[in-house]
Amino acid sequence: MINVLWSGFILIGILFTLLCGDLNALNHTILTSAKSGFDMIVDLVPILVLWSGIMKISEKSGLLDKIARFFLPVLRKLFPSLKKDSKALGYISSNIAANALGLGSAATPFGLKAMEEMQKENKNKEVASDAMITFLVLNTSGVTIIPTTVIALRMMYQSHNPEEIIVPAILATICSSVAGLILDYIRRKKK
Amino acid sequence: MSLLSKIVIPLFVVFVIFYGLKKKVMIYDTFLEGAKEGLVTVFNIFPSIIAMVFAINIFLDSHLIETLLGVLEPVFLKVGLPLNILPMALVRPISGTASLAVLNDIFANFGPDSYAGRLASTLQGCTDTTIYVLALYFGSVKIKKTRYALSTGLFADFIGILASLAIVSFFF
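Which chain is which? The protein sequence lines are A and B, in order. For the first sequence, the numbering used here assigns the number 1 to the initial residue and increments by one for each residue that follows. For the second sequence, the numbering used here assigns the number 1001 to the initial residue and increments by one for each residue that follows.
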């Protein structure tokens, strides 16, 4: 998938620009995009390193297991293929919790850790496991309860009620997450 | 609500350290050990981020999306959907920064309390940068075959868009 997507974006982008776009801008993008990618990483490094450290403490002290156990009844149903005592479950719950509170940048390290743990249990290391797909569907359908960035932006533009979109966003999130999980379930069973 | 999201990180940090001390974990050494693992993660995702940003930027800068908008405009007007939401829906799965820029644009032009502003806010809150996240997460553990992950993720986003349209019309 990534092969197709990646080459598709590049080829379509360049061909379309050649046909009817701004060549100067294209050259500029090609030359500077690596730098903007690097800038994103630079933003990510401190957060990742810091949270990986803190997460390690919670892992060693057994806190992570406790968090996982709290969500276990639900997670067990969603991720039947994971081992009962899988560390991934703890990271998945932390990732979902951080995402739900709108702490996207704190959620990423948890999510990457969850992927790492799921990869350890994965039989074929090149093929995505059932659990990984369920996790990513859940993650990308955006289980946001408090969309902090959006609220901040609405405040900036002097909205009369910046928080009024919380409830609609939660309802919409529930719709998309449930729809994603149902389709994921159907396709998992079909194989 | 916003207080809750402000207080949760400090509380979490305090709680983790407190719990670690209680369980007699060597917290400082453990922190360093974990931080080092974080560096390895960064090292692993570095190439996929550079690769994705390169491809996405070329695609966004080709203005294909804007051209598509021109084509889709009559269809949207006929169905009665707010057109200004379309760039948001198209850009959202690829790039978080680009979709925030669109959101900014909508707020600047129509105001955050307009129908378009509320709809865009809801959309931003209920969907995610699906393509980017998949590339990053799968790239970090070197998965090559992603099976039905992408189509399922995009399907969920699409349902999110439909749900937002219905819910925002109902609420306001």
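Heads up, a few of these hints could be off.
Per the computed footprint, the stretches of chain A lying under chain B, defined by three or more beta-carbons under 8 angstroms from a beta-carbon of chain B, are [said to hold, decoys possible]:
1) 9-21
2) 44-57
3) 76-90
4) 129-139
5) 157-168
With beta-carbon atoms standing in for the labels, derived distance ranges [claimed, not checked]:
6) B:P1010 to A:K77: 42 to 52 angstroms
7) B:K1078 to A:L23: 34 to 44 angstroms
8) B:K1078 to A:C20: 39 to 49 angstroms
9) B:F1158 to A:V45: 25 to 35 angstroms
10) A:I182 to B:F1076: 19 to 29 angstroms
11) A:N27 to B:A1101: 40 to 50 angstroms
12) A:D22 to B:K1144: 15 to 25 angstroms
13) B:N1104 to A:V127: 31 to 41 angstroms
14) A:N24 to B:A1101: 50 to 60 angstroms
15) A:L18 to B:V1040: 18 to 28 angstroms
Under the rule of at most 20 angstroms between Cα atoms (straight-line distance), these lysine to any residue pairs were calculated in the SDA-like manner [said to hold, decoys possible]:
16) A:K60 to B:T1030
17) B:K1145 to B:P1047
18) B:K1145 to A:K60
It should be emphasised that the hints constitute simulated quantities derived from the structure, not laboratory data. A virtual CB, placed ideally from N, CA and C, is assigned to each residue, including glycine.
Checklist entry - Failing hints, ascending? => result 3, 6, 8, 11, 12, 14, 15, 18
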